[in-house]
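Protein sequence lines correspond, in order, to chains A and B. Add 3 to a position in the first sequence, counting from 1, and you land on the number used in our numbering. Add 131 to a position in the second sequence, counting from 1, and you land on the number used in our numbering.
Source of the hints: derived by calculation from the structure; they are not laboratory data. Among the clues, some could well be false.
As the list claims (entries may be wrong) - With a straight-line cut-off of 25 Å between C-alpha atoms, the simulated DMTMM-like cross-links for lysine to aspartate or glutamate are:
1. B:332 x A:62
2. B:334 x A:156
3. B:334 x A:194
4. A:244 x A:180
5. B:332 x A:113
6. A:42 x B:154
7. A:142 x A:113
8. A:42 x B:318
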Amino acid sequence: MPSTYPAAHERHEPLPGADSGQRTAPLIELRAATKRFPKTGGGIHTAIQNVNLNVAPGEFVAVVGPTGCGKSTTLSLISGLQPASDGETYVRGELVTGIPKRVGYMFQSDATLPWQTVLDNVASGPRYQGMGRSEARDKARVWVDRVGLAKFEKYYPHQLSGGMRKRVSLAQTLVNEPEIMLMDEPFSALDVQTRQLMQTELLRLWSGTGAAIVFVTHDLEEAIALADRVVVMTASPATIKAEFTVTLPRPRDVEEVRLTPEFLAIYRQVWNSLREEVDQARAAASLAG
Amino acid sequence: MTAPSTAPSPTAQKPLAFELSREREAQLLAGARKSVRVTTGKIWALRVLIIALWLGSWEATATYLIDPFFYSKPSLIWDRLVQWFSTGTQFGSVWENLGFTVLEAVLGFVIGTVAGIVLGVLLGRSRFLAEVFSPFIKAANAVPRIVLAALFILWFGFDISSKVATVVVLVFFAVFFNAFTGAREVDGNVVNNARILGASKAKILTSIVLPSATTWILSSLHTAFGFALIGAIVGEYAGAKKGMGMLIANAQGTFDAAGIYAGMIIVTIVALLAEMLITTAENKLLKWRPSEAKTQAQGI
């Protein structure tokens with residue numbers, strides 16, 4: 004039942020930049036990707052198994068699944084932070100062996116540097132890539148401004164609220180002009196109102212960039228409100244169970260769109276698929292606990 | 132929730148009734164400042180009282196009950212201090228002797244700190260090297276290193292180099308273990324984030340690992356400088372031509388209890404001054420930290 008992409012199977016040689024014309028070449032491609040970890044008590048834990056996933060340039064894909072199923076592992080394979088145990092990951096048709104160029108990653112927990120100001124945190128990407136301090140700061144200032152933190156550029160992260168720190172991370176990622184943005188439950192630690200605000204901000208900032216986003220979440224509403232496509236993963240070991248195209252028009256108002264009948268129809272459809280997995284994950288958790 | 136309560140409430144538009152008037156605010160702030168002043172005054176009064184009681188009882192017992200030849204007393208120690216600073220010691224000016232001790236302590240402190248940071252960060256970042264070297268480091272740390280002072284005199288003679296060596300072996304381990312822990316405890320998330328943003332291995336070390344370990348390293352410097360002074364004094368005690376440790380050893384040899392106390396007091400003051408310097412440096416380097424001291428939890 005895992006969704007198959009005929010195009011992905013026909014094409015053996017990666018064709019960077021070459022567009023067949025019919026459909027755009029996938030920007031990200033996971034082929035039968037599997038990741039195993041040694042368990043602390045001995046034995047092997049399979050986080051994801053046989054995952055096939057294609058993401059087109061500029062596409063917003065949300066990955067949903069039961070908590071702790073291995074959604075984040077998928078992102079770390081794409082980012083090159085971890086190698087796949089089996090199968091391959093391709094970005095722009097090239098096998099991922101290190102961190103691919105123009106990839107951004109927003110982590111679930113804070114990854115800002117506490118000893119640097121908001122501005123210097125955002126400037127760190129260009130600085131790492133060899134840009135001079137003042138030039139990097141000028142570039143960063145534009146993004147600090149765009150995420151609405153212009154007045155806070157001299158603040159340290161601990162002086163900001165959780166939502167503002169997420170804005171810093173967002174600016175830090177966007178300043179590198181990524182073509183791929185990997186987001187690992189970035190807003191899960193925020194309260195509901197701040198979360199919806201950040202979702203709106205994300206869509207606003209994303210709309211101009213043309214970047215593809217892979218957004219991992221366990222919040223189905225969030226997934227449907229944001230994405231072009233929702234991918235449902237099974238309970239552990241995770242594999243792709245089903246995919247749903249979200250046809251809601253853009254630009255979307257993330258708060259209003261949830262109330263439309265179209266949204267509810269999609270929600271019902273995806274939830275039917277996701278529910279079994281959530282139940283299974285809960286059963287496994289209660290057995291273990 | 133009942134339906135009527137969700138209707139916009141008319142009271143929401145009312146101006147705030149609890150706003151403080153300017154005079155009342157000034158009054159409250161003045162009251163808060165005054166209570167702080169009173170508390171500080173009480174704290175200092177008690178401190179002075181404790182010192183007076185301590186020195187007074189010592190002076191009294193040493194005058195009437197015990198032999199001041201062995202136990203000395205505050206007035207004798209004061210006289211000795213005055214004598215050292217006005218006419219000098221048998222071994223030249225007290226400033227010169229103090230200068231030697233401080234020079235040895237500072238040189239050894241700098242060398243030991245740099246070595247501790249370099250090796251600590253290196254082993255903290257490499258699990259393999261840490262695994263290889265951990266038994267050796269644990270064993271070296273268990274050695275009563277202060278005894279090495281005697282060996283260093285054999286190796287390097289009575290010059291300052293033997294004292295500097297003693298200071299280095301004392302300071303190194305204090306800094307090493309903190310630098311090691313600091314480098315190891317770096318948040319993996321932050322490192323991954325930097326890698327994604329394009330940081331090279333060298334950049335990760337200089338812009339992430341070292342700054343995160345700084346908190347750990349700085350907190351070790353307080354104890355490390357204390358060790359540095361101890362190392363210098365013990366080194367001089369074991370054998371030297373100049374220095375506070377030598378003055379103390381000489382005072383012991385001549386049954387001059389007041390001289391021992393006078394030496395102790397001078398070194399204590401140096402240690403306190405150094406402590407203040409380190410704290411200032413720490414506050415400057417760690418100004419990004421949330422400060423606990425500034426929070427006014429009490430309320431007015």
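Verification of the supplied hints:
With a C-alpha separation of about 32 Å, the suggested pairing of residue 332 of chain B with residue 62 of chain A is violated against the 25 Å cut-off. With a CA separation close to 23 Å, the supplied pair residue 334 of chain B and residue 156 of chain A stays within the 25 Å bound. A distance of roughly 35 Å separates the Cα atoms of residue 334 of chain B and residue 194 of chain A; the hinted pair therefore is violated under the 25 Å criterion. Annotation: proposed proximity of residue 244 of chain A to residue 180 of chain A is violated, straight-line Cα distance about 32 Å (limit 25 Å).
Simply put, residue 332 of chain B and residue 113 of chain A have alpha-carbon atoms about 21 Å apart, close enough for the 25 Å limit, and the pair holds. Distance check on the hinted pair: residue 42 of chain A and residue 154 of chain B sit about 66 Å apart at the alpha-carbon level, beyond 25 Å; violated. For the suggested pair residue 142 of chain A and residue 113 of chain A, the alpha carbons sit about 22 Å apart, so the restraint of at most 25 Å is met. For the hint linking residue 42 of chain A to residue 318 of chain B, the alpha-carbon distance of about 22 Å falls within 25 Å, and the restraint holds.
In summary, the structure is inconsistent with hints 1, 3, 4, 6 from the numbered list given earlier, while agreeing with the others.
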